[in-house]
Every structure is written in C-alpha cells, then in structure tokens.
Amino acid sequence: EAAVTQSPRNKVTVTGGNVTLSCRQTNSHNYMYWYRQDTGHGLRLIHYSYGAGNLQIGDVPDGYKATRTTQEDFFLLLELASPSQTSLYFCASSDNGDYEQYFGPGTRLTVL
Amino acid sequence: AQKVTQTQTSISVVEKTTVTMDCVYETRDSSYFLFWYKQTASGEIVFLIRQDSYKKENATVGHYSLNFQKPKSSIGLIITATQIEDSAVYFCAMREDEVGSNYNVLYFGSGTKLTVEP
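As you go down the protein sequences, you meet chains E and H in turn. Sequential numbering from 1 applies to the first sequence in our numbering. Sequential numbering from 113 applies to the second sequence in our numbering.
If you are wondering where the hints come from, they were derived from the structure by calculation, not from laboratory data. Ideal Cβ positions, reconstructed from N, Cα and C, are used throughout, including at glycine. Incorrect hints may have been included.
[To be verified] Sample of chain H residues facing chain E (criterion: CB under 10 Å; computed from the structure):
no.	residue
1	160
2	181
3	184
4	217
5	219
Using the sequences provided together with the hints, build the complete structure.
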C-alpha cells in the first residue's frame, strides 16, 4: 500500500505570510496531487504532477504554486497567504492518472 | 456547475443493515472513471471501489458494491451488513478520460456522512 506523508500536520500563519507544505510518497508513483478540502465543497484539485520537474494546473490553482523536485517529493507554496486559504490540504499519489489515488494524512493550515 | 453531486448530506442506519448512498455526475466524455472514497473521523481518506464507464458489470469489493446506471449518470454505493466502523464520510469522484484541459482532474462530490448505530 502506498505511503504518503505530509508535513507539517498543522500550520498557523498570518496574512501575507510565506508557507510551504511538503509531501513525500515512497511507492514510486508517477502522479502526485495537491487538494484542499473545505466544508460543502469536498476535495478540490489545486495542482498535480506526473513526474519530477513537471507541473500541471488543477481546478483551483489561484494563489498557489507547486514544485515537484523528485519523484518522491511534491511541495505546495503559498507566497502571500490569505485567510481564504485557510483549509485542510491533502496530498495524494497514484501510479497512473487512471488509477485510484492514495492520500496523505492532511495538513491543517490557518491563515490569520 | 457541480460535476459530481451527492444530495444526501447524512444517513443513519442500524448495524448489520444495508445502506445505499447516491451520486450523480455530469460529463460529455464517452469514457470516464468513477470512484468512491471513505474519510474516517481521524481524517484519513481511503480508496474503496472504482467503476470504469465502459464496463457494464457493477464493481464489487468486499461488502461494498456499486449500482452503475449509465443512462441516469448515477453511481450509487451499496454497503451490505454495515458495521459500526463503517461510520465515516463517503465521497464519490469522477475522472474524465478524454484528453483536454480537465484531463487527470478528479472531481469530488461534497460527501455523505454515514452513521452506523448499534
């Protein structure tokens, strides 16, 4: 079973702050994803990648950057955090875009 | 517009009974994939079961099965012999298969909270 870890698990920052969320998967999956989860919206895709150095735009990318440095590591960057980005963030991975995704434990981000 | 809609916000059932959770989706693609995920109280999200649009047979995994009604764009999740530990939020999701701007995007419904009582 895929192992996906995220750090930090909780983060509090102020408006305008700079935040980096980290994700690592250890099952050699090609695809990695960043989602945000908000009440009433389910999960929404922010960015995804199908390999090191690759980045694709998801459904709600505004205000977020991402970088895939290796096959294992995928980072989500908020360079000017805003209160609207307060959310629960999940990272996921899959072997192929068609296949089921395996999720990390989530990072709760609060922007004051 | 919502691509995946789950109208049941919460359901409560008695242990050992069968429950069905509804999900309807919207797509113009002829090929697509449908998934159900479970989110436990701890926040963990786990893949449960999948249906490929070209398959006529309903998928079954353990005590989870699907009711795929393609003409109605509907994919219901059926849990038989429910257990207390099935209490969770269940999400339906869809991925369209035709190459385009939405390729590889997994669209989620807003979830149905299931409570299984003794």
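Which of the stated hints cannot be reconciled with the structure, identified by number in ascending sequence? When the structure is compared with the hints, numbers 2 and 3 turn out to be violated.
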